[in-house]
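Visitor: Chains A, B and C, in that order, are what the protein sequence lines are.
The first sequence begins at 504 in our numbering and counts up by one.
The second sequence begins at 14 in our numbering and counts up by one.
The third sequence begins at 46 in our numbering and counts up by one.
Source of the hints: derived by calculation from the structure; they are not laboratory data.
It is possible that some hints are incorrect.
As the list claims (entries may be wrong) - So the derived list for chain B, only partly shown, Cβ under 7 Å to chain C, looks like this:
hint : residue
1    : T48
2    : R54
3    : D56
4    : V60
5    : V73
6    : F77
7    : A78
Unchecked claim - Non-contacting residues of chain B with respect to chain C, defined by C-beta distances greater than 12 Å in every case (computed):
hint : residue
8    : A83
9    : L90
10   : G91
11   : M92
Ideal Cβ placement from N, Cα and C applies to all residues, glycine included.
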Amino acid sequence: MLTAFAFAYLAVLALCLAMNRHHKALFTGEPSPLRRQLLRLVALPLMALSLALCIRDADVELGILFWLALLMLATLALVLTLAWRQRWAMPLAGLLLVSSALTHLG
Amino acid sequence: MSQNSSPAWGTASRVSAAVLGGYGLSYASTAFLSTFLPMARADRVAVASLLCFAVYTAAVIYVFAARSAARAWIVLLGMGILLGLATWLAGDYAVRP
Amino acid sequence: MNLRRAMAGLHTWGGLLPSWLLFVIFFAGSLACFDKELERWMRPDLPVAAEATAASSLSLDQVRDWLLSKAPDAHALYIHGPAPRQPFWWAGYVPADEGEFQSFALDPVSGAPLQETVGGAFFFSLHYDLNAGTPGLYIVGMAAMFMLVALVSGIIIHRRIFKDFFTLRPGANGQRAWLDAHNLFGVTGLPFHLMIAYTGLAIFVSLYMPAGVQTAYRGDAMAFYGDAMSLFHREETHRPAAPAASLDALLADAQTRWGGAQPGWISVEHPADEAAVVEFRREGRTRVSDYQWTLAYDAASGELLHEQTPYAGGYYVYTWLSGLHMAQFGGHFVRFCYLLLGLAGCAMLVGGLRVWVSKREARGGRGLVLVRALNGAVVGGLPLASLALLYGNRLLPAQLVHRGRAETLVFFGAWALVAAWVVWRRHRLGNDRRMLALGSLLALGLPLLNLLLTPGNSLLASLPRGDWALAAIDLALLVVGLACGLLARRRPAAVPAPRRARRDALGEGA
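Chain A extracted, bound-state conformation:
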């Protein structure tokens, strides 16, 4: 579930970065149109991956529900981070991925 959450977080982060205001805040300058399209395109497989993980762990019925809950919570986590600890938004994604990888190894 942590891995699914990590991918959901990455997906909403990509969608968020595809917007001028947030891209400017986390990087320097506005994103090029190509870059924005790419970010949006990347978000899709990430979401699908997160959904696939949920379904693998909990079957279709519950998997879809889990995934929706994770997406909502990932968005909330991202926005709250952006509001108070903006610089942590990107490292948090890495942290989530690393810790989910660790739980798989352990």
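Add chains B and C to chain A, keeping to what the hints say.
Guide: Frame of chain A, contents of chains B and C only:
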């Protein structure tokens, strides 16, 4: 009636249309669907009842979006009476298994 | 555009009116996600080793005989054995006159009744009927209808719904920041909010909308339920019952038929009558809608009378929707998600209230004092009263008669005190800071009180034995206490920081 009466009256009329008229319409729609949906009796009742809150919500939104309170009342009452009448005319068709 | 203006008015006023009620419902509902854990915390007289011994120590027959010794002519008996989240027995009966249900929690080892408490079920009841019975159910239903309308009108008026999707600017001026918060919690949680309002209404649909049964069943609700969920019922004969078969033996038979599943509520209908029926319900917790697979036996001969068929069609949709609301599937993960999303709902409500207030603080408006006082009394008062309830649970004498009622009195008394204090101080500033500080003290004090009065249940005991369900409540109290304390300290710095908007908005504007 909305032209020559006060805005407070118009609002009160809309609020009562939303609360009472909206419930009346969703009641009539539930009765109508419980009668005419092409399903078994228990399923008709369950599905029609579960839909009633969507009808109620839509009715309330419509009441406040309508051009005037009078219009909202007419539409709600008209639809309610139509649905109710159809249900009443169906008679024992409603209790078919 | 006219539509948008009309919807804005509807959203403002149709949203404001029920928002304090909705806050109560959301807050209590969020806590009720962990009602069984709270219940366990509130029963410190449960033996510690309960989980290990629970299964073998007490038999169904003993519990039934105990109930019959209290009410030999009961209308119906209900029994629920120990379960992982609830390591004790529930035993109850409906009296012969079909009056109020009498229930007792029984010690799984000794079989003696545990001391009386409202338990975690208090928040559950507060959530769906405000502890006010049927009138409360209707009031909560109306609030949920208002919420549906407010959500839909909110979507219509929110023109920057995608543009501002990820935006929260705590540093902006008051109204802007609160509007951001209201939108953020409203929009990101929207699927959950819509679902929870609609499914909440759906659970009691038979109460709110009787039209279907009145039309297609001519008002015969029992016939409807008989069709929909294949219920079994056998009328009394008013002849005395033959000696009863062993419930434990019948349960063994039921479990074989279920393929080993655990039982939920077990009932004996009119146990003193010749036509007595025993029913076993399966406790399904794996899917959103698990049908109960009820098995009905003749209480004397043990003959299987009826086996419930799986829910189908419309009734399956109904149970699926109510199952989605009640979050009994998916274990602690789902409970925790619902808790967080429910608190996000609280934050949305508080944000909306603060938008209303700050808009009118700037340009004046009627009702400002009233709305602020209500904000303080409800948003501040309810969490404080909930903490007070837990104090009542530990401090009231164990053998007090009507102890549960006394706890309820503590809860509402504390709430009334906070409300009165807020009204008395309505024109002064800093109320929320004081309430945050008080909340912090109360929350931090509870684990300490637990340690002093019931050391076997405290963190020092529960953590070493890995009793996470019990420890989690104390840990959560510590976290809430620290968070409130931090917020109270930061409060004078004037910046409205809705980090934990639920707590932050205790009381009125600083």
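Visitor: Hint by hint, say whether it matches the structure.
Guide: Going through the hints against the structure:
1. T48: holds, 6 Å
2. R54: holds, 5 Å
3. D56: This interface hint holds because 4 Å falls under the 7 Å limit.
4. V60: holds, 5 Å
5. V73: Status holds, d = 5 Å.
6. F77: With Cβ-Cβ at 5 Å, under 7 Å, it holds.
7. A78: Cβ of A78 of chain B sits 5 Å from chain C, so the hint holds.
8. A83: Given a closest Cβ separation of 15 Å, the condition holds.
9. L90: It holds; L90 of chain B is separated from chain C by about 17 Å at its closest Cβ, greater than 12 Å.
10. G91: holds, 18 Å
11. M92: holds, 15 Å
Checked against the numbered hints listed earlier, the structure breaks none of them; every hint is satisfied.
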